[in-house]
Amino acid sequence: MVEHYALLSSAETLAFAKVFARRLERFPACVFLEGPLGAGKTLFTRGLVFGLLGAKAASQVKSPSFVLINEYKGKEGPLVAHIDFYRLKGWKELLDEVLDYLSAPCLIVIEWPKSSQGFFVPHVRQAYNISIEITGPSERLFTVEEL
Numbered sequence: 097m098v099e100h101y102a103l104l105s106s107a108e109t110l111a112f113a114k115v116f117a118r119r120l121e122r123f124p125a126c127v128f129l130e131g132p133l134g135a136g137k138t139l140f141t142r143g144l145v146f147g148l149l150g151a152k153a154a155s156q157v158k159s160p161s162f163v164l165i166n167e168y169k170g171k172e173g174p175l176v177a178h179i180d181f182y183r184l185k186g187w188k189e190l191l192d193e194v195l196d197y198l199s200a201p202c203l204i205v206i207e208w209p210k211s212s213q214g215f216f217v218p219h220v221r222q223a224y225n226i227s228i229e230i231t232g233p234s235e236r237l238f239t240v241e242e243l
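Numbering (the numbering used here), first residue to last: 97 to 243.
Hints are supplied without guarantee of correctness; some may be wrong.
The calculated label-pair distances, taken between Cβ atoms and stated as ranges, are [to be verified]:
#1 Ile165 - Ser211: 17 to 25 Å
#2 Asp192 - Gly134: 27 to 35 Å
#3 Ala111 - Pro233: 12 to 20 Å
#4 Ser199 - Pro233: 26 to 34 Å
#5 Leu133 - Ser199: 15 to 23 Å
#6 Glu193 - Gln156: 13 to 21 Å
#7 Ser199 - Ser105: 36 to 44 Å
#8 Asp192 - Tyr101: 32 to 40 Å
#9 Phe162 - Asp192: 14 to 22 Å
#10 Ser106 - Leu198: 29 to 37 Å
#11 Pro201 - Glu229: 25 to 33 Å
#12 Ile230 - Ala111: 28 to 36 Å
#13 Glu193 - Pro233: 31 to 39 Å
#14 Met97 - Asp192: 30 to 38 Å
The calculated DSSO-like cross-link candidates involving lysine-lysine, where the alpha carbons are at most 30 Å apart (straight line), are [to be verified]:
#15 Lys158 - Lys171
#16 Lys114 - Lys210
#17 Lys158 - Lys210
#18 Lys171 - Lys114
#19 Lys114 - Lys152
#20 Lys158 - Lys169
#21 Lys152 - Lys171
#22 Lys114 - Lys158
#23 Lys169 - Lys152
#24 Lys169 - Lys210
#25 Lys114 - Lys169
Simulated from the structure, these hints should not be mistaken for laboratory data.
As the structure is a prediction and not an experimental result, all values here were calculated from the model.
All C-beta atoms in this analysis are idealised placements derived from N, C-alpha and C, irrespective of residue type, glycine included.
All chains should be built: construct the whole structure from the sequences, respecting the hints.
Encoded structure:
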């Protein structure tokens, strides 16, 4: 099933992600985020982390573009691994680093997933592809598909 959500602001994106986090019940889980630069992939991740781990962990969320992987932990809830494949020639460059996440109660959020879905989906208990389209200065169209 494919769902579409038209969101009008950054605040709506954060709220949507916090609510969406409630769907994530079976770990390891994976969320693939696709969309152009500035679409709100990291903002959506901040909302997911808020929904799973709380405000303190969410305040630490930043783009993993340069470090490639950021980890977020809370007192309760799963570890969240926030990964960016944008600068990599192939996602397999991080294979050794991501294998540990697949055997833990973890949410793996992947920005710029490229062709990595085929590898991750069989190894997780829950997976979603979320495509973000910029439809206006602060408006976004989110397309959500459970994999």
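Hint-by-hint comparison with the structure:
For the pair Ile165 and Ser211, the supplied restraint of 17 to 25 Å holds, since their beta-carbon distance comes to about 18 Å. The beta-carbon spacing between Asp192 and Gly134, approximately 31 Å, falls within the hinted interval of 27 to 35 Å. Between Ala111 and Pro233 the CB atoms are about 19 Å apart, so this pair conforms to the stated range of 12 to 20 Å. Distance hint for Ser199 and Pro233: a CB-CB separation of about 42 Å, inconsistent with the stated range 26 to 34 Å.
The given range of 15 to 23 Å is broken by Leu133 and Ser199, whose C-beta atoms sit roughly 32 Å from each other. Here the CB-CB span from Glu193 to Gln156 is close to 19 Å, well matched to the stated 13 to 21 Å. Remark: the range hint 36 to 44 Å for Ser199 to Ser105 is upheld by a beta-carbon distance near 38 Å. Taking 32 to 40 Å as the suggested C-beta distance range, the pair Asp192 and Tyr101 conforms, at roughly 35 Å.
Remark: the range hint 14 to 22 Å for Phe162 to Asp192 is upheld by a beta-carbon distance near 19 Å. Look at Ser106 against Leu198: about 32 Å separates their beta carbons, and that is inside 29 to 37 Å. The beta-carbon spacing between Pro201 and Glu229, approximately 32 Å, falls within the hinted interval of 25 to 33 Å. Evaluation of the 28 to 36 Å hint for Ile230 and Ala111 yields a failure: the beta carbon distance comes to about 19 Å.
Checked against the hint of 31 to 39 Å, the pair Glu193 and Pro233 passes, with Cβ atoms roughly 36 Å apart. For the pair Met97 and Asp192, the supplied restraint of 30 to 38 Å holds, since their beta-carbon distance comes to about 34 Å. For the proposed pair Lys158 and Lys171, the alpha carbon gap of about 20 Å is at most 30 Å, so the pair holds. Our distance criterion of 30 Å between C-alpha atoms is met by Lys114 and Lys210, whose separation comes to about 25 Å.
Between the alpha carbons of Lys158 and Lys210 the distance comes to roughly 20 Å, so the proposed pair stays at or under 30 Å and holds. Taking the CA atoms of Lys171 and Lys114, the gap is near 17 Å; set against the 30 Å cutoff, the hint holds. Simply put, Lys114 and Lys152 have alpha-carbon atoms about 14 Å apart, close enough for the 30 Å limit, and the pair holds. At most 30 Å may separate the alpha-carbon atoms for a hinted pair to count; Lys158 and Lys169 meet this at roughly 14 Å.
In summary, the hint linking Lys152 to Lys171 is supported, as the alpha carbons are separated by about 10 Å, within the 30 Å threshold. Restraint check for Lys114 and Lys158: satisfied, since their Cα atoms lie roughly 16 Å apart, inside the 30 Å limit. Taking the CA atoms of Lys169 and Lys152, the gap is about 10 Å. The hint holds against a cut of 30 Å. At roughly 26 Å between alpha-carbon atoms, Lys169 and Lys210 fall within 30 Å of each other, so this suggested pair holds.
Of the supplied pair hints, the one linking Lys114 and Lys169 holds, its CA atoms being roughly 16 Å apart against a limit of 30 Å.
In this structure, the earlier hints numbered 4, 5, 12 are contradicted, and the remaining ones agree with it.
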